[in-house]
Each structure stands twice: as structure tokens, then as C-alpha cells.
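S.K.: Sequence:
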Amino acid sequence: MAKRGGFPGGMPGNMNNLMKQAQKMQKQMEEATKELEEKEITASAGGGAVEVTITGKKEVTKVKLAEEVVDPEDIEMLEDLIMAATNEALRQIEEASQQSMSKITGGLGGMGGGFPF
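Here the sequence shown is numbered in my numbering, starting from 685 and rising by one per residue.
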């Protein structure tokens, strides 16, 4: 009668290695996330007329407007420029996040495509 439980052929050693690797990866991901959260990205629109600074936590920390872009007759353009600069900053933060995580999880591509970060 076969033994119940356990792993045949010495699997526990491989499981220990796998657990150590997973713990190491988790620590690296935590460090990368903290580093990213402390990062700030500034993006502009309208040739630099509007600048938006955003953190890795996706919080807007600064909006800078050139005087010439503040036209009471054309509020819609100003709104569009602020939106464009904010979206670009968010895109750059997302790109930085993906690059940071792919450095850590890049070796897992053969195991089902890696993680969806």
C-alpha cells in the first residue's frame, strides 16, 4: 500500500528551495514597491504650458501652469492640458512599475506568463 502524504523522490528539498525563492521575490517586490512609491514623475502638455507631478502612489503633488495658458475665454483648453499632463504622468508611473516588477518576475515567463503586475 502506498504511503499517504509527503512527496515521493525527495520533493521536500525542492519545495524548500521554491519557498526560499518565493520569499526572496516577495521581499524584492516589497522593496521595489516602496522605491516606486517614493518616486515622483513630472509630465507636461501644451509644450510645457502645463506640468503635473505625481507620486508612485498615484497622487498629484503639484500642478504648474504657465501664465499664458490661463485664458478665461478658453477654460476647456486648460482643462484638456491638465488632463493630458496628468494622464501622461500616470502612464509613466505605470510603465516604471511594470519595468520594476518585470526585473523581479522576468524569470517566471516560462511558468504561465509571469505575474499580471
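Read the hints as simulated data drawn from the structure, not as lab findings. Note that the Cβ used here is the ideal one computed from N, Cα and C, for glycine as well. A hint or two may mislead.
As the list claims (entries may be wrong) - Cβ-Cβ distance ranges computed for the label pairs, FRET-style:
id: 1; residue 1: V754; residue 2: Q776; range: 19 to 27 angstroms
id: 2; residue 1: M761; residue 2: E714; range: 36 to 44 angstroms
id: 3; residue 1: E757; residue 2: Q707; range: 54 to 62 angstroms
id: 4; residue 1: K711; residue 2: Q783; range: 42 to 50 angstroms
id: 5; residue 1: L702; residue 2: K748; range: 45 to 53 angstroms
id: 6; residue 1: A706; residue 2: E751; range: 27 to 35 angstroms
id: 7; residue 1: M761; residue 2: A706; range: 24 to 32 angstroms
id: 8; residue 1: E715; residue 2: E778; range: 51 to 59 angstroms
id: 9; residue 1: T745; residue 2: E779; range: 36 to 44 angstroms
id: 10; residue 1: K711; residue 2: K742; range: 29 to 37 angstroms
id: 11; residue 1: Q705; residue 2: A768; range: 39 to 47 angstroms
id: 12; residue 1: E757; residue 2: M709; range: 33 to 41 angstroms
id: 13; residue 1: A768; residue 2: N701; range: 26 to 34 angstroms
id: 14; residue 1: E714; residue 2: V754; range: 37 to 45 angstroms
Stated by the list, open to error - Cut-off 25 angstroms, straight-line C-alpha distance, at most; resulting in silico cross-link-like pairs (SDA-like, lysine to any residue):
id: 15; residue 1: K742; residue 2: S784
id: 16; residue 1: K742; residue 2: T770
id: 17; residue 1: K746; residue 2: Q710
id: 18; residue 1: K718; residue 2: L774
id: 19; residue 1: K748; residue 2: D758
id: 20; residue 1: K746; residue 2: L720
id: 21; residue 1: K723; residue 2: L774
id: 22; residue 1: K748; residue 2: G730
id: 23; residue 1: K746; residue 2: N698
id: 24; residue 1: K723; residue 2: T739
id: 25; residue 1: K741; residue 2: K704
id: 26; residue 1: K787; residue 2: T739
id: 27; residue 1: K723; residue 2: S786
id: 28; residue 1: K787; residue 2: E714
id: 29; residue 1: K741; residue 2: S786
S.K.: If a hint holds in the structure, say so; if it does not, say that too.
M.R.: Hints, verified against the model:
1. At roughly 25 angstroms, the beta-carbon separation of V754 and Q776 lies within the given 19 to 27 angstroms, and the hint holds.
2. Range check, M761 to E714: about 42 angstroms between beta-carbon atoms, so the 36 to 44 angstroms window is met.
3. One distance hint, 54 to 62 angstroms for the beta-carbon pair E757 and Q707, holds here, with the actual separation near 60 angstroms.
4. The hinted range of 42 to 50 angstroms is not satisfied by K711 and Q783, whose Cβ atoms lie roughly 19 angstroms apart.
5. As the Cβ distance of L702 to K748 is approximately 49 angstroms, the hint placing it in 45 to 53 angstroms holds.
6. Hint check: A706 to E751, Cβ distance near 54 angstroms, so the stated range 27 to 35 angstroms is violated.
7. M761 and A706 have their C-beta atoms about 51 angstroms apart, which leaves the hinted 24 to 32 angstroms range violated.
8. Between E715 and E778 the CB atoms are about 19 angstroms apart, so this pair departs from the stated range of 51 to 59 angstroms.
9. In this structure, T745 and E779 break the distance hint of 36 to 44 angstroms, their C-beta atoms being roughly 19 angstroms apart.
10. Checked against the given bound of 29 to 37 angstroms, the beta carbons of K711 and K742, roughly 23 angstroms apart, lie outside it.
11. Distance hint check: the CB atoms of Q705 and A768 are about 42 angstroms apart, consistent with the given range 39 to 47 angstroms.
12. Judged by the Cβ atoms, the range 33 to 41 angstroms given for E757 and M709 is violated: they are separated by roughly 55 angstroms.
13. The hinted range of 26 to 34 angstroms is not satisfied by A768 and N701, whose Cβ atoms lie roughly 48 angstroms apart.
14. The beta-carbon spacing between E714 and V754, approximately 42 angstroms, falls within the hinted interval of 37 to 45 angstroms.
15. Of the pairs offered as hints, the one joining K742 and S784 holds, with about 16 angstroms between alpha carbons and a cut-off of 25 angstroms not exceeded.
16. For the suggested pair K742 and T770, the alpha carbons sit about 10 angstroms apart, so the restraint of at most 25 angstroms is met.
17. As the CA atoms of K746 and Q710 are separated by approximately 32 angstroms, the hinted pair breaks the 25 angstroms bound.
18. For the hint pairing K718 with L774, the CA-to-CA distance comes to about 17 angstroms; that is within 25 angstroms, so the pair holds.
19. Straight-line distance between C-alpha atoms of K748 and D758 comes to about 17 angstroms, which keeps the hinted pair within the 25 angstroms bound.
20. The suggested pairing of K746 with L720 holds, with an alpha-carbon distance near 18 angstroms, which does not exceed 25 angstroms.
21. Between the alpha carbons of K723 and L774 the distance comes to roughly 12 angstroms, so the proposed pair stays at or under 25 angstroms and holds.
22. Restraint check: the Cα-Cα separation between K748 and G730 comes to about 12 angstroms, which is no more than 25 angstroms; the hinted pair holds.
23. For the suggested pair K746 and N698, the alpha carbons sit about 50 angstroms apart, so the restraint of at most 25 angstroms is broken.
24. The straight-line distance between the Cα atoms of K723 and T739 is roughly 6 angstroms, inside the 25 angstroms bound, and the hint therefore holds.
25. Proposed proximity of K741 and K704 is contradicted: the alpha carbons are some 29 angstroms apart, above 25 angstroms.
26. Straight-line distance between C-alpha atoms of K787 and T739 comes to about 21 angstroms, which keeps the hinted pair within the 25 angstroms bound.
27. For the given pair, K723 sits about 17 angstroms from S786 by alpha-carbon distance, which is consistent with the 25 angstroms threshold.
28. Annotation: proposed proximity of K787 to E714 holds, straight-line Cα distance about 13 angstroms (limit 25 angstroms).
29. Of the supplied pair hints, the one linking K741 and S786 holds, its CA atoms being roughly 19 angstroms apart against a limit of 25 angstroms.
Checked against the numbered hints given earlier, the structure breaks hints 4, 6, 7, 8, 9, 10, 12, 13, 17, 23 and 25 and satisfies all the rest.
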